[in-house]
Amino acid sequence: MRRRSGIGGRLGIGLVFLFLYLPIILLIVFSFNAGDSSAVWQGFSLQWYQSLFHNRLVMESVATTLLVSLLATAISTAAGTFAAIGIYSLTRKWRDPILTVNNIPMMNADIVTGVSLCLFFVAFFNGWRGFAEWVNSVQSVVALPERLHLGMVTLVLAHVCFNIPYVILNVAPRLRQMDKNLVDAAQDLGCTWMQAFFKVILPEIKPGIVSGALIAFTMSVDDFVISYFTAGSSTQTLAMAIYGMTKKRVTPVVNAVSTLMFLAVLVILIINNIREMQQEKMAEKRASFEPVKPNPFIESVREKLATPGGKWFKRVVAAALCVVFVVSVGLLAAFTGSQPVVNVCSWGEYIDEDLITEFEEKYGIRVNYQTAESNEAMYSLIKNGGADYDVIVPSDYMISQLIEEGMLEELDYSQIPNFELIDQRFRNLPYDPENKYTVPYTWGTVGIIYNTTMVDGEIDSWSCLYDDEYAGQVLLINNSRDALGIALKYLGYSMNTTDESQIREAYQLIEDAARRGVFQGKVMDEVFQTMEGGNAAIATYYAGDYLTMLENNEDLAFVVPKEGSNWFVDAMCVLKEAPHYDNAMKWINFIASTDANLRNMDYIWYASPNREALEQYPAWYEEQYGEELDPEIYEIMAAPDEVLDRCEMYVCLPQETRTLYNDLWIRLGT
Amino acid sequence: MKNKRSLFAVPYVIWMALFVVIPIVIMLVYSLTVTVTSEAGEALQFSLENFTGMGLYVSVFARSFWLAIVATVVCLVIGYPVSYWMAKEGPGFQRVAMALIMLPMWMNFLLRTYSWMSILENNGLLNQLFQKIGLIALYNSVTGQNIEYFQMIRTPGAVVLGMVYNYLPFMILPIYSVLSKMDQSLIEAAQDLGAGTADVFRRVTLPLSLPGVLSGVTMVFVPSVSTFAISRLLGGGTNMMLGDLIENQFLGGAYNPHLGAAISMVMMVIVVVCMLVMNHFGEGEEQAVML
Amino acid sequence: MSKELIRLSDCVMAYDDDVVLDHIDLSIRDKEFLTLLGPSGCGKTTTLRIIGGFLTPTSGDVLFDGKRINDVPPHKRMVNTVFQRYALFPHLNVFENVAFGLRMGQTVVEQESGQEVRRKVKIPEQEIRSRVMEMLEIVNLKGFERRPITALSGGQQQRVAIARALVNRPKVLLLDEPLGALDMRLRKDMQQELKRIQQEMEITFIYVTHDQEEALAMSDTVVVMDGGRIQQVGTPEDIYNEPKNAFVADFIGESNIIDGIMRADGVVEIFNRRFQCLDKGFDKDEPVDVVIRPEDVDIVSEAEGQLKGTVTSVTFKGVHYDTIVDFYGFKWLIQTTDFCPVDSHIGIKIDPDGIHVMKKSQYSGMFGDYSSYSEEYDEINDPTLLDEEEEGADDEE
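Protein chains in written order, with the numbering used here: chain A, 150 to 819; chain B, 13 to 303; chain C, 5 to 401.
To be clear, the hints were calculated from the coordinates, so they are not data collected in a lab. Note that CB positions come from ideal geometry on N, CA and C, so glycine has one too. Incorrect hints may appear among the rest.
What the hints assert, rightly or not - Below 25 Å or equal to it, Euclidean Cα-Cα: the simulated SDA-like pairs (lysine to any residue) are:
id	chain 1	residue 1	chain 2	residue 2
1	C	Lys80	B	Met194
2	B	Lys193	C	Pro77
3	C	Lys199	C	Gly158
4	B	Lys144	A	Glu703
5	A	Lys242	B	Met194
6	B	Lys100	A	Gly163
Claimed, not checked - Partial selection, computed: residues in chain B whose CB lies under 10 Å from chain C:
id	residue
7	Asp204
8	Leu205
9	Gly208
10	Leu222
The whole structure should be built from the sequences, with the hints applied where relevant.
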């Protein structure tokens, strides 16, 4: 007899639930934040929920996620169940090795699975291209598509790939527990094998199937890395969108989305629970022969459906729904397939989204806008052949690497008249000296952000990063290039030096400081949360981001130190063999216009390279918001020449230097 | 009939050959080669240097496995009692509790980890709470120190916390599943034979729940070893783990898929060995009990 | 007569509105073999579990050796149980299963400064080993020590369960329908074994079964239960020869139960005929139930008989014929070695000690008529009747 667990047990369970839900509650609370921080509360507001439904990228990614996850779950549940049944009727000799191989995807790091699948798909596509070309040259009846690329299909396949093992692992134990005689009994009573399957096996293993499906769905929704490498340029899942935002910052709009999803699932669970409880009550009543008072209407409907005519009705409705579903998917695919498109890959929170809609309406070209997590992630995907973007917006050093490796297409500047508006300072930059491949998008400086209440006086030098004055309160930027570059600059060397001794000297500076406990930690976009919350005194980051942090914490100040710093440019360029070259030109031209630049400046708080936009921005700002733009802020956003003069831009470093950077950086982390 | 049913396995075997085995082979090829750039372009060349150079990263391996073990043990210590208590409750409570345990996994992993950051930060939720209730002042007076906050984030402990948080449900569910289906008459038989509560647990409940425990340990340990973002966000980036290391090879400054593949090969082999050792104590597929 | 060991005093077991045990008073003596007998749902297993400590009665007392033990948990009671489905530990082999209780230690009662103190004392490994081996030999499982439980047959598992309980030398052994899963031959063997063990080891056995033959064969005392109430307590002979009411009469063996009127001490009237009997103590002209066992009826010629009737079916059973006879519309079962063909008119004679008179009870009229019994026989002999009956049955629905 089961005794109820005592107070101790209940308390224990309660504590664990508190532990599990504390961050969730926090997330939900911050979805109502009036500010755009996930850590600093600015008051109650529904703005994120309101903006959610206008935020096309997020909404699309949610739709994609749901579609992909549901599809992948359905397929993997069905396939996994059948596979489990098949595997379990094999002899042990076959069963064990198959199950071991089955477990491999679970054991592998996600990124390994993602990259290997990407390589596999790309290799397959290359092989297919050869095959299709041959077939098309030999006959002209059927025209096979020659260029396949990553997309919804590969994404679903990848998800199915890592979902099936979970399904099998859940169905298998139930199969083991099932009485083997049940199937024989059913067949003895006249069932065909199929009937026996549906009427006998399926109900027995149903709990396993349900739990396997649930887990598969959860894994699918949450996956990022594998999706990133197999989704291609036209599909983006919610997880990918969230990770894409980490380049800049993650705003509470994702909190809002997640809260809604969470609530939806909660509601479904509650409904399901109520239904089950009611079923149990009905079963109890029937068992004790109490009269069951059924709802007359429902009963009459149920009766009608049970008649032969009713059964056909059910089948027809089910078939009609299937047909509708298939047709609508097909229509959607055809529609989007026939429409002109342009594939863009940029960063999260890096464009005023109304611009996308405007472009689409103006030119009738659909924009597939995707975001990447970092320059290196973007590079990795391109290198593997898994990207078929048209326009990408990498940073300067990455552009020079891409050019060196011959991965960019030259631009047809005759189609980009707005290029004339680009300020002279931003043309013929070191990464693209002859200006053949790029049109600048934004630019800015790297500097020190510090909390005036936690620091004595004003900071004007990089030295505060390496001496003990603010030990434990300094955040080191988590990026080998930036961290070492700053140290080099502080020591008076060039940020682009290939001299190994200089680089090692810079590394030593950082390592010594780390050993002495100067650094609180290494951060990238976590710097927002940390500085806004007043958790650290000093950090290194980009000017535009400082301005965002300022909105949430007025105590912060920014400076480009006297030793000089890095200034960066993010520019638009086109990948080699981009599928929609002309559309890409149109997009680049559109974004380079003054109006687009003004609006982007306002949204991202990074400076624009467009001459007119730079001049007009303060006035434009005043018009928009009715108040004057603080000139200090504007100076930080669009650094004046004196500041830029002491700043250096990155160029691509040779392979050995890059490897050196990487090795040193790893050494720091261990 | 058995033969007919086993045909079901055939499509899956083909699938696995394509989507599991071939990508692994690709990875293996990458781990055994390096990219050589020459006049003709890039080519792969056989080399063992990826493996020989791995001595650099022994500390990363050690740390990853160590933290994974710690996280698994913590999950076990928390998860087993919770499963035990849950199994004793009524069916309605159990259903609700199970659903509630799975629910947090629906929130995006990154978001949940960010949330922990703001809870554990020096100026974050917990520390502010501690300050308000005077715990920090108390600590200062007792130990004679003068701190303003408890350092919780950017410690190995925070990394373990992050891992435990993410994988605890995977420990609870299989153990709970086995415990709830345990034959009550065995408990009664043990009591009948003179076993008090402690003895019943030690001699009957615990041994019979071992398949669930093994399953849970597997499902926590394996992903813990290859976890990546957690150490970056909660560990302050100073405790590099295998996942970060591998990620670094693909998404870091120097793009070196060969090294990345090699590291993950080694990781996989070690994990497989661990699993085989554990299987010895378990019973094959019985382990994989989830719900 | 040995002393009283266990007493259930006015025990009630109720789950909300469902009353499973309805005021049970039961006294169990030391060293006796007592059987709780009854149909499914009568409360016998519940009673057993209350004695074992797995259930606490809603009201009433459970006394062991005069002391109230309602709140004493099972592991502290000097009682061991053989479970219906054996409940053997699947993760232990035969030896370890049997040794389980011994490894828990032995309770030793000592006098310490005038107070009785109970302590658990560990049993040395040597002793455990010898006791387990001894017990395995008793149940004929020598050599099976290392076998895993899953590799044993039903009968072997049964014996392990018994050994596991007995090795602890309990004062009382509870057995919950332990032989239910065994085949006929094995069951009969085990019944003898259990009886022998009980007598040799002088342990009180409390046995639960629904098989009345088993109960009659093994028990010193039989407690017949139905509907949560004790219907009758007595020796097997008492229960059989002098059932208290129609339920007991029908449950134990075959009986014909007829409405009768007690005219005077020793005289009962059925079918308007008076019969001599041995029962006294009823009111004049009190309506009673009269029990006549099938084997107590002599078949004689019509002229000599006390009652006259017509044979409606005869079935050869080996030891005797099951003969259904119709007396004035009431069908009797008579077991006789005489063969009387169907439709023959016969007379019967019943000796006074073949008649047993019982007070009327709620069970009167429910049992004892062999109409349906005889219908089955008719159907077996005449298949055409079968179809008619089925059609009739459909009409009724």
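Requested in this report: Starting from Lys144(B), check that the Cα of Glu703(A) is at most 25 Å away, please.
Outcome: Judged against 25 Å, a Cα distance of about 24 Å means the pair holds.
Query - Hinted contact Leu222(B) with chain C - closest CB pair below 10 Å - result: This interface hint holds because 8 Å falls under the 10 Å limit.
Query raised in the report: Are the Cα positions of Lys80(C) and Met194(B) separated by 25 Å at most?
Result: holds (23 Å)
Query raised in the report: Has the given pair, Lys242(A) with Met194(B), been kept, meaning a C-alpha gap of at most 25 Å?
Result: At roughly 30 Å apart (the allowed maximum being 25 Å), Met194(B) and Lys242(A) break the hint.
Query raised in the report: Regarding the hint that Asp204(B) lies at the interface with chain C, is the smallest CB-CB distance below 10 Å?
Result: holds (4 Å)
Query raised in the report: Straight-line Cα separation of Lys193(B) and Pro77(C) no greater than 25 Å?
Result: holds (23 Å)
Query raised in the report: Is Lys100(B) close enough to Gly163(A), meaning Cα to Cα at most 25 Å?
Result: holds (15 Å)
Report task. Hold the hint about Gly208(B) up to the distance rule: shortest CB distance to chain C must be less than 10 Å. Result -> Since chain C brings a Cβ to about 5 Å from Gly208(B), closer than 10 Å, the hint holds.
**Report entry** When the least beta-carbon distance from Leu205(B) to chain C is tested against 10 Å, hint result
**Finding:** Status holds, d = 4 Å.
Query raised in the report: Taken at face value, is the distance from the CA of Gly158(C) to the CA of Lys199(C) at most 25 Å?
Result: holds (20 Å)
Violated hint for the displayed structure: number 5, the only one.
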